[in-house]
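Colleague: Using the hints, put the two chains back together into the complex; each one sits in its own frame.
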Amino acid sequence: DTGVSQDPRHKITKRGQNVTFRCDPISEHNRLYWYRQTLGQGPEFLTYFQNEAQLEKSRLLSDRFSAERPKGSFSTLEIQRTEQGDSAMYLCASSSGTDNTEAFFGQGTRLTVV
Amino acid sequence: AQSVTQLGSHVSVSEGALVLLRCNYSSSVPPYLFWYVQYPNQGLQLLLKYTSAATLVKGINGFEAEFKKSETSFHLTKPSAHMSDAAEYFCAVSPSSGNTPLVFGKGTRLSVIA
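Line by line, the protein sequences give chains A and B. Using the numbering used here, read the first sequence as starting at 1 and increasing by one per residue. Using the numbering used here, read the second sequence as starting at 1 and increasing by one per residue.
There may be inaccurate statements among the hints.
Stated by the list, open to error - List time: in silico DSBU-like cross-link candidates among lysine-lysine, alpha-carbon distance up to 30 Å:
| id | chain 1 | residue 1 | chain 2 | residue 2 |
| --- | --- | --- | --- | --- |
| 1 | B | K106 | B | K69 |
| 2 | A | K11 | B | K106 |
| 3 | B | K58 | B | K68 |
| 4 | A | K57 | B | K106 |
| 5 | B | K106 | A | K14 |
The set of hints was computed from the structure by calculation and includes no laboratory data.
In isolation and in its complexed conformation, chain B is listed as follows (with noise of 0.2 Å):
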């Protein structure tokens, strides 16, 4: 069984402050592991994926994060937040490569204050 845990429902930074959004894993087998961001009553736009290539991944809008496997961990950054990052982020894993169902962690609400 898989589960995802995202740390904080709420998150508040500054504009052009760092971005931390904290993901942790839990999975029987090697995951893949994605982030999505939702706007309020939309759907959800893929930011990034880690599909067992590279352990930093990179993503769109200044979006990167690190697999640790170590740590189990799958944490978001972006260096400097822009108003237009406030939305929902959720992460999510998947025993395969992104062709089975995902499971989502909570969400994490980002808050960027000017």
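Bound-form chain A, shown alone (with noise of 0.2 Å):
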């Protein structure tokens, strides 16, 4: 097992450009976590999935955001007409859903927009 992947580690873009970033939970796991943290701070919940049904978003999900775990494994983060303060790390993690276990996280993708 390789843990939580994330992809890509680094991503700098233009302001008003549209970004997508891809996490690979660990196999078998199925609720999927996206938090972002930017600097100084501790990670803040975004969303999490359920197998392929997203069962929460946080007021912090605009409307420019939007993730999607299609086929309950892989999931993906949109982030439409990206603005400087989206420049965060976007962590995702995974759990195995049942009783008294943790949740692993990906090593992050690093948004930049300039």
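Modeller: So this is what it looks like as structure tokens:
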């Protein structure tokens, strides 16, 4: 098992462009989470999935953000019309969905909007 | 609603000295509590978790934490700091067993001085 994988690790984009990030969870983990972390802050919850169903979305997730997990395996997070305030580390995590388990985090995608 | 407060955004200790990182939580239900460590440009790694079993929890790398309900605290300690412990530490709370989104504190950066 290679752990949670995120791609790309770094992304620099111009303001107004669209970007898409991918997360591959640990195999057979049915829960997948997206968090955003800005400099000097802890991760903030964005959204999460149980298999392909999106169970909850944070108020941080504006209408420019969309997340999918079409087959209940990998997930994508898209940001449309990026703004400088979107610059952050985007973290993905997965868990097995059973009691007393933990979330395993990927290494994150660092987005810089210039 | 749940929240976490980490006292001290930066803690500096000498190598071999006691490490104490403070975390206080607020929760309307019995909480599940976690400590994660993050190295530069990396994701988060679980150090330890409290899931309503023993109040003194032992984790990896010699860290431990004690759940004190009366003080709503879950402070992280290590008897003797090592240079490799220098990192960012995050306390997090969840209303269930770890299969719901985590609420993180703002983090404490630990520096270890030789």
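Colleague: All the hints need checking, so say for each whether the structure fits it.
Modeller: Hint by hint, here is what the structure shows:
1. For the hint pairing K106(B) with K69(B), the CA-to-CA distance comes to about 21 Å; that is within 30 Å, so the pair holds.
2. Restraint check for K11(A) and K106(B): satisfied, since their Cα atoms lie roughly 24 Å apart, inside the 30 Å limit.
3. Restraint check for K58(B) and K68(B): the C-alpha separation of about 15 Å stays at or below 30 Å, so the hint holds.
4. Proposed proximity of K57(A) and K106(B) is supported: the alpha carbons are some 21 Å apart, at most 30 Å.
5. With a C-alpha separation of about 28 Å, the suggested pair K106(B) and K14(A) falls inside the 30 Å cut-off, and the hint holds.
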